[in-house]
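Going down the list, the protein sequences come from chains W and U.
Note that our numbering has the first sequence beginning at 66, numbered continuously upward.
Note that our numbering has the second sequence beginning at 6, numbered continuously upward.
Calculated directly from the structure, the hints in this document are not laboratory data.
Careful: at least some of the hints might be erroneous.
Stated by the list, open to error - Capping the alpha-carbon separation at 25 Å, the derived lysine-lysine pairs in DSS-like fashion look like this: (1) LYS56(U) with LYS84(W); (2) LYS88(W) with LYS56(U); (3) LYS84(W) with LYS61(U); (4) LYS92(W) with LYS56(U).
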Amino acid sequence: MWLYMLFLVFGIVLGITGKMPGKIAAKSAGFQFWSLLLILFAMGVGIGSNNEIIESFLSIGLHSAAFAAAAIIGSLAMVRIFRPVIQRKREETR
Amino acid sequence: MSWIIMSAVVLGIAAGIFVLPVSLSQHSGMFINAGVCFLLFWVGVDIGGNKDSLIKLKEYGWRIFLIPTGIAVGSIAGTIAVGSLLGYTIGEAGAVGAGLGWYSLSGVLLTELHSIRLGTVAFVTNVIRELIAFVIIPVVAARIGHIEAITPGGSTCMDTTLPVISRSTGPETAILAFLSGVLLTAVVPVLVSLLIKLPF
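Excised from the complex, chain W in its bound form (with noise of 0.2 Å):
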């Protein structure tokens, strides 16, 4: 956790200064996109050549991917809920 904080703060603070050169910079959302396709795949690899995952998601896959679902489902609502105050504070700070 604290590796993944220092390297977005180390680029918050090369955003905010101006330090990262702007031909770079614009490139930021191809680094993104490609980094994160590769991220995806090596997390997919890591899941296909781990047997007991493979066998797990066959044997309770069900019951986790209804769980998964309510989870989302269940803080994707509750947020909703709440929007309506975290936007009105914004709205009176204005």
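Position chain U against the provided structure of chain W, taking the given hints into account.
Positioned in the frame of chain W, the structure of chain U alone reads:
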């Protein structure tokens, strides 16, 4: 975007099963860590280059905490609701939801504190949550809202799903997502340990 994301994961799974030797594929975690660091650096450059988004953060004040609170409460309530239909106790189902996408920790914790089966359920649930998050974040951002796009990833919105949130929304939401992910990551061990001790 969602289809490209899904294709990359599916291709990786296929390569892991059929193509790549174990000696290579066992290092996938190292690639992921290095890749996430590289990605976060560029997300940081985007956030830092957009100073307005940092200034706007102050406007949220303490209400920023409503985002991770909503994600944690909603995730746990959702899994308790489904778990009661599947025959799990409130503590078991709540603890699975309290993993909030952090599959490695929630799987290990529940294996130690409860059973291998529940640990495996938590592990697979949170792997599936992350996979679903990658696919639906762009859709949620476009059709429901930018703040709501933070929710599917849970604790992973501070690392693996952050680039997808950043691309689908913008620097302002990206930093909200990162803060939310950090807070959720901090509470996962506490929530899982507390919920699994419930006697009902």
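Verification of the supplied hints:
1. LYS56(U) with LYS84(W): Since the Cα atoms of LYS56(U) and LYS84(W) sit roughly 14 Å apart, the hinted pair holds (cutoff 25 Å).
2. LYS88(W) with LYS56(U): 19 Å, holds
3. LYS84(W) with LYS61(U): Satisfied, since the Cα-Cα distance of roughly 23 Å is no more than 25 Å.
4. LYS92(W) with LYS56(U): Roughly 19 Å between the alpha carbons, so the hint for LYS92(W) and LYS56(U) holds.
In this structure, every one of the numbered hints holds.
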